[in-house]
Structures are given as structure tokens and as C-alpha cells.
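*Asks:* Protein sequences, first through last, are from chains C and P. 35 is the number that my numbering gives to position 35 of the first sequence; each next residue is one higher, with no gaps. 78 is the number that my numbering gives to position 78 of the second sequence; each next residue is one higher, with no gaps.
Treat the hints as calculated values from the structure; they're not laboratory data. Among the hints, erroneous ones may be present.
[To be verified] Just a sample of chain P residues kept apart from chain C, beta carbon distances all over 12 angstroms, derived:
| hint | residue |
| --- | --- |
| 1 | R114 |
| 2 | D290 |
| 3 | I297 |
| 4 | R387 |
| 5 | R397 |
| 6 | Y410 |
| 7 | Q433 |
| 8 | D496 |
[As the list claims (entries may be wrong)] In the PhoX-like style, the derived pairs of lysine-lysine whose C-alpha atoms are separated by at most 20 angstroms in a straight line are:
| hint | chain 1 | residue 1 | chain 2 | residue 2 |
| --- | --- | --- | --- | --- |
| 9 | C | K38 | P | K471 |
| 10 | P | K41 | P | K573 |
| 11 | P | K152 | C | K78 |
For every residue, glycine included, the Cβ atom is placed at its ideal position computed from N, Cα and C.
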Amino acid sequence: MTGDKIKKTIKTIRIDVDKCNGCRACEMICSAFHATPKYSSNNPARSRIRIIREPLRDLYVPVYAGEYTVAECAGRDKYTIDGKEYDECSFCRASCPSRDEFKEPDSGLPLKCDMCEGEEEPLCVKWCMHDALILEEREEEVEELEEQEDLEIGLGSLADKYGLQTIMDALSRMSKKD
Amino acid sequence: MRYAETGFNLEVDLTRGNIEKVASDPRDTELYLGGLGTNAKILWDRVPPEVDAFSPENLLIFGAGLLCGTPAVGCNRTIVSTISPQTKLLAFSMMGGFFAPELKYAGFDKVILRGKSSNLVYLWINNDTVEIRDASHLKGKGSLETAEAIKKELKQPKAQVAAIGMAGENRVLYASIEQGRSSASRGGIGAVMGDKGVKAIVVRGTKDINIAQPLEYMELCNEVMEYIQFRNENPIPGVMPILAGLGSPQEMKVHDEKWHTENFMWGNSRTRRRDFWNDEVAREWMETLDQSRTRLISCYNCPMTCGATISMPGLPTYMMKCFTKLTYTMGAFSNLDFGLRIAQKATEYGLDGFSAPQVMAFALELLENGILTDKDFPDMPTDNEGRFFYLLDKIVRREGIGDILANGTYWAAREIGNGAQDYAHNNIKKIEQLPLKLSMLNPIYFLMYCTGEKINITQIEGQFPQAPYPKKEHREKFCEDWIQVPDEKFKQYFLDWEPRGENSMPFYPTVDMCCDIVDWQEKMHYIDDALGQCSGLSAFPLKPPYHIHNYPKFISAGAGIDMDEDKLSKAAKRYRTLVRAINIRRGMRRKDEKPPEDHWKKRFPELEKELLDAYYKFKGWNNEGIPTKESLYDLGLDYVSKDFVERGILTDCEDSPDKDMPDEDVLAEKEKK
Ligand code: SF4
Ligand code: SF4
Ligand code: SF4
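Input sequences plus hints: build the corresponding full structure.
*Replies:* Pasting the structure below:
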């Protein structure tokens, strides 16, 4: 690690919950974009954005998938804003064992928002016609850090779930098949 | 692999508690598309005319449209089809919201209910795990209350719930099925669900829906999105606000109700109040709506926000859209505050917002005119609003007079007798219509009222302007970017249409033009209902984003079915004819195809006859409205024609109208014996 300063574009999505109408277009398009091949299928359960939507309590929270965590938090947050009580963990981005948010439905692998790498604009932002999601970009100088690869995070989470030995056995079995 | 659809239906036998996942035939998708189309095929095959609405053999089908669950904007309709207890014909109400996509993600295109459960149950579909669960603890609960309770007990906040309220449980013939911000209301399908002992269907799905040609499909979806944006920024000039934009009529957004309140009828659809709207009313109603409307909300994958959450002070929150905003208010000659309050109860009870207020107004009219008496309304409050709340409760509980009123104005009037029939004046095919009474016959609307088998004008109108534009230059302007017309001739029809003079109603558009226009309008609704597309972005508004030119591409790229305009038109005609065939087999004939007697003041019997004759012919139906053998053959519906001949509906040698068909009074007599 060098500790050098580098320029980085910070992308922020401004979320205005008052403008969200609960349509879940953002979930839909995110899941379609991340299908392989691109757009070949769609399934909001695979989306990297989730709408916490409870119309009768007027709760609408778009939440983005953030880091994967091995263990759930010891303490949890419960907010009341403008007299509305939000459920535990409503604003948390973590793919965490305490809930089924931000996990691939069949494998359980963690999902994380990648800001739609390769697209001009995050697609959830583009599809949100009510401007509940707005992209802002700015330049910042940051310390260079080695980023952990997606693959490594995925493998790590599998190891947490099944144990490292099981994963290694499975891998060696799979490689023999090929 | 199946594209856009899942290829599986869920068959549930409630009598035996049997659940089966059954693969559907991909050839049926090609012929009937999906949604209403394939629903109609199943109902034709499996529900013969001897089966009545409340027989265990009647099916209740929840069909997700072919493209539901794909990225097509606003494609989220569940088409609920069954035999209606009110009309005794096919009912095919649709609901928006979130149910259809969720069902597709769970891996099913349809849920098909048959039989009857002996105790109240709900169906829980969690991907491939499907259970019938006890619902006795939910008996009598409101539709939204039920949805909340079930999501809680299953710990499934993301499940979608379609539920009935007390009206459905007690088989009120105009009971609805409610699903959050949406409902399937017309034709009493909630009563069929109640009769089957099903309180709710609950679904959660986390599987994929596949697209045949992903990049092409996304391109089409993006075009639709851009066009919606364009139309939102460029409303159509020269028409009233609800016709200028897209979406279902934007009743939750508008404050100015001058047009509806002064043009639609009040009470039991009789009284027009031309000077109703004034500053005082405007201020009061605006306050009511502003204070109660928490948020405008959309259906799945749609930006149009046609619905709203409504929290009236002191009452539980509920959701609403469209014209229910005004039906109770106007039925009771009251104000918006009352309308939104009683609608909260009616939504929990699960009632059709068109029929219910008219039935109540009808009952009070009978009381005023001495056909019913005070004895029929024990302990009824004396104030106007109180009476409506009283009647609402009597009806959904089927108590006293409510038991008769729960059958709708047509059947109630027959049972009450003593001249009551004259008060059930606003029905077509036994079902209450929008409260509209007009002056000059409109030939296009005449045909739509007569022949629409959804039996609701909003479900057949659209596309073509409702009235001529006074100035030629405005008409020319309108035609400039009118890309949705199936043929250039429609532009000419419109260009030549004048408010006065030779080219004005009722004789212009000419009979032949009317046939073309009505056929186009109806076709678009039928396509929507097979694909699961909300007509608010398609068949209903002027210049919609979906139309006959891009629909075939959506089907080809999405479902992988080779499609073009002709093939699509023919498919739509095929299942449209099948819908008619189901109704013909149930006794519907020309005599049933008429608007309410008093819908227009100025009528033209000869022209009307000519219109109907010509339209029947245009559609390939004989003079009784029965599809001819030739047209059935042409559509590949030989099995229908065979059945018609066997039943004596058509004769073997020619397509003569069956003069001997007993009419329903005779049938009713027989039933009594
Ligand atoms: S697309 Fe926008 S309005 Fe719709 S759910 Fe997502 S954030 Fe809300
Ligand atoms: S930015 Fe892209 S990856 Fe992230 S949630 Fe939005 S659509 Fe998904
Ligand atoms: S246009 Fe309105 S009713 Fe139609 S799908 Fe969109 S939000 Fe729902």
C-alpha cells in the first residue's frame, strides 16, 4: 500500500422519499440490467435497490445495496421521522444475515450496487421519472486503497455460509468435471 | 424456454384441497396470447352454460397478462374472469397494482380456482410452495385489514394480497376483489370468490421472467418511456384535462370537478345540476382532498401515479383511484368529505364503486315513491348521509332489505315489483352504468354501449376523439402527429367531422365509419387485456404510447412469438369472438344489446337499427349477434361452431338466427318449477 492521493469521482444518489410513488421501476430495471445476457430476464428480487413500501403507513424508502457483512449488528436502529415509525434496519444498506434483502434469491450470494458500471447514468435514476432518485457527481482526492474484488467478497460470503472446506471441496469437484 | 410467460398455471381444487402446477400449451399462447385471451379459452372449454356463477364448477381465474413482469411500462394487469352472478354472462374485470407481476415471478401465469371450500381459507403462493390456509380468523374483516393481517402472520411484508371484504363473503352481487390501490370490481367477481370460500390470494415470487430478444425489447421499452415523458410535457390541447394526458383518469390529482359534477347525473342517475360548481364548493372540496390525500401512488413499473392514499381524519387509511372519488358523493347528493368517508368503508367491505351508490340511491327513490315503505328500513337514521351508511351496512350484511338490494338494481327491482323496474333504469345487460344522460344520439357510443361485452363504457372507448373539434385547423393539427391510427382513413373521418351541419352527429360519422372506429377502439382494449397492459397507457387515452404498430414488436421481442399487425388483429378478433361465443351460449342475443332507454333524449330508431345491422355484419355475426359459421371457421374456432350447431344455436345448413331460443323470462319460470 502506497498511501498516495488520487483523484476520484464520487457519485452520490440523492434520494427524496417524498417523491417516491412506490412503482418499483428502479428495482425492475436494475434486475434487468444485471441479468446475463443484459436484459435477458428480470426479477426485482435480484435488484440492487429495494423499495421499502408500506402505503398504509406512508413509508417509502429506496435503499441501495451496500457491503456484505458476516454478522448482524448487535444494536439496531429504529427511526421515527415526522411521526412515522420506520421498521428496524429500514435505512441500512448491508447485505446481512438478519434479513433477506440484497441476496440472490437462489444462491444467497450478496448483491451490491455497482452504479451500473458502463452506463452513462445509473439506470434506476433514469427510470425514476419522478426524480425521487437524482445523481450527483463530484471530484475528490482520496487515499488509494486496494479494493476487494467482487469475486473475493462472493467467495467469502459462501465460506461464511457453508464453511471454507465445503467450498474448496465443491470447487475441486467442479474443476474435475470440466 | 418460454419467454414473457412462465408456461405454468396453478390449478386449485377447493373442494378437495388439491393443488397442481400444470404446464400450459404454447400453441394457445400463439392463438389467444394470454390474460383474457387464454382465460376465455379455458372458460369456454371447461364451463358449459348450464353451470351458474355459484356452482362449484364455475371457475374463477386470475390471469396475469402475457407481458406482465417484463420491463414494459405499466404492464401490470391481472384479468379476473368468471361467470358473473349479476349478468350471468362472462365477467372479466381487471386489476392493476402489483399482483400480476408478483404472480409471474412466483412462476405462474394464472391461478385457476374451482370447487368450493367448506370453511373460509386463503391461498398462499410462495414460489413453488403453495398452501391452502385457514382464514376463519379473518371472517368479516375488511379487505385491506385482511391483507395487513396476512402479511404480518406470514412475516411477508413483500407479499401481494388480493382479498375480499364482507361484501364478497356474503355474496353481494357487485362485490369486488381489492388489492391495495387497485381492485377488480365489475360483475360481482368478489361474490364468486366469497362463494368459493376464499378470503384472499397471497403471492410472493422471486424467480426470473425471460425475454426472447433482450436488446430489441429494451429499445421498445425505452421508446415508450420517452414518449410518456413527451406526452406528460405536451398535453393535448383543446380537450378537457382528463382527456389531455395519459394514465387512468387523473381524478386523484384534479381539484376542478366542474365538468363531472355538472355533466354527470346525481342520485339514482337522474338529476343534472348545471350550476353546481361554484367558488365555495371548489374551496371546500379542495380542502377535503388536500387534507386527506397523503401521496399519489403508482402501480408496478409505471410513472403515472393515478392512485392516492387517503387518510380521512379519524378513519383508517385506504387507497383510491379514478371515479370512485365522486360516485358516492353524487349518488347521495352530498359533498366530497362524505364521499371519501363512505368510500373508506366501501373499500374495506369490497364493493364496486359504480354499482353500490346507485343501488342505495335507487332504494331511497323507491322509499320516496312509496314502493318501499318505512317498514323496510327499520331504525334508519333521518339524515341523508346517515341513511347511506345505514344502507351500506344492510347491503354487505344482507340484512332485511339489504338482502334484496345486494342483488343490484335489476334483480332487486324484479323482486320488489310494484313498478320498481322503472327505477332500475340505468342498466345494460343487468349491470349499473356510469350516471350519464345526454341529448343527441352519438352513433359511435351507441354501438359501444350495445355491443361492449365488458359492459362498461370506459372499457371500450378511447383512441378516437369523443367529439369533433370546431375548427378545421385544430383538426389538422391533431392529425399531424397521430401515429396511432391503424389506417390513414381514420384521420379523414376526423378531419371531416363537424359539430354542426351535414357532417355532424348522428349521421356523421357514417354507419361504415362508425363500424371502423368502434372496432379499432374495442380491439385495442382486447389487446391490452391479453397482454396485461393498463389501458391508461394504451386503449383509453388519445395518442397513447402503446398502439397497433408497436404492440406486435413487443410481442415478438418479448414473448418470442412471430407477430405482425395482421396476425395480432386476428388473434384479438379470435378471443374477442370467443368471449361473445361464451355469452351467446348463455343466451345473450340482440335484444340484450341496447343502451339504457333514457341514455339519450334524441333517438333515431331507424339509424340505430342500421348501425347494429352493419356492425354485426362487419364483425362476422349474424343478425342476432351470433358469430357465423364462416367467421368462426376463419378464426380457427370450428369447435365453437360445432357446439353452436349441436345446441341448435346455429343450424347445420345456414347461419339462421335461432328464433326458438326461449327468452329469459321463460327460463326463469322453468327454474322456479
Ligand atoms: S422508480 Fe422512483 S418513484 Fe418508483 S419506486 Fe423507485 S424510487 Fe420510487
Ligand atoms: S445504480 Fe445501477 S446497480 Fe445501483 S441500484 Fe441503481 S440500477 Fe442497480
Ligand atoms: S397508468 Fe395509472 S392505473 Fe395505469 S398502470 Fe400506470 S399508475 Fe396504474
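*Asks:* Now tell me if each hint is right for this structure.
*Replies:* Here is how each hint holds up against the structure:
1. For R114/P, the condition that its CB be more than 12 angstroms from all CB atoms of chain C holds, with the nearest at approximately 30 angstroms.
2. Every CB of chain C is more than 12 angstroms from the CB of D290/P (nearest about 15 angstroms), matching its label as outside the interface.
3. With a least CB separation of 5 angstroms from chain C, I297/P falls inside the 12 angstroms interface cut-off, contrary to its annotation.
4. In this structure R387/P is separated from chain C by more than 12 angstroms, as the shortest Cβ-Cβ distance comes to about 29 angstroms.
5. Separation of R397/P from chain C is adequate, the least Cβ-Cβ distance of about 25 angstroms exceeding the 12 angstroms criterion.
6. For Y410/P, the non-interface assignment is confirmed: its Cβ lies about 35 angstroms from the closest Cβ of chain C, beyond the 12 angstroms cut-off.
7. The Cβ of Q433/P lies farther than 12 angstroms from every Cβ of chain C, with a closest approach of about 30 angstroms, so its non-interface assignment holds.
8. Under the 12 angstroms C-beta cut-off, the non-interface status given to D496/P relative to chain C holds; the minimum distance is some 38 angstroms.
9. The hinted pair formed by K38/C and K471/P fails the criterion: a straight-line CA distance of about 50 angstroms is larger than 20 angstroms.
10. Of the pairs offered as hints, the one joining K41/P and K573/P holds, with about 13 angstroms between alpha carbons and a cut-off of 20 angstroms not exceeded.
11. The straight-line distance between the Cα atoms of K152/P and K78/C is roughly 18 angstroms, inside the 20 angstroms bound, and the hint therefore holds.
The structure fails to meet hints 3, 9 from the earlier list, while all remaining hints are met.
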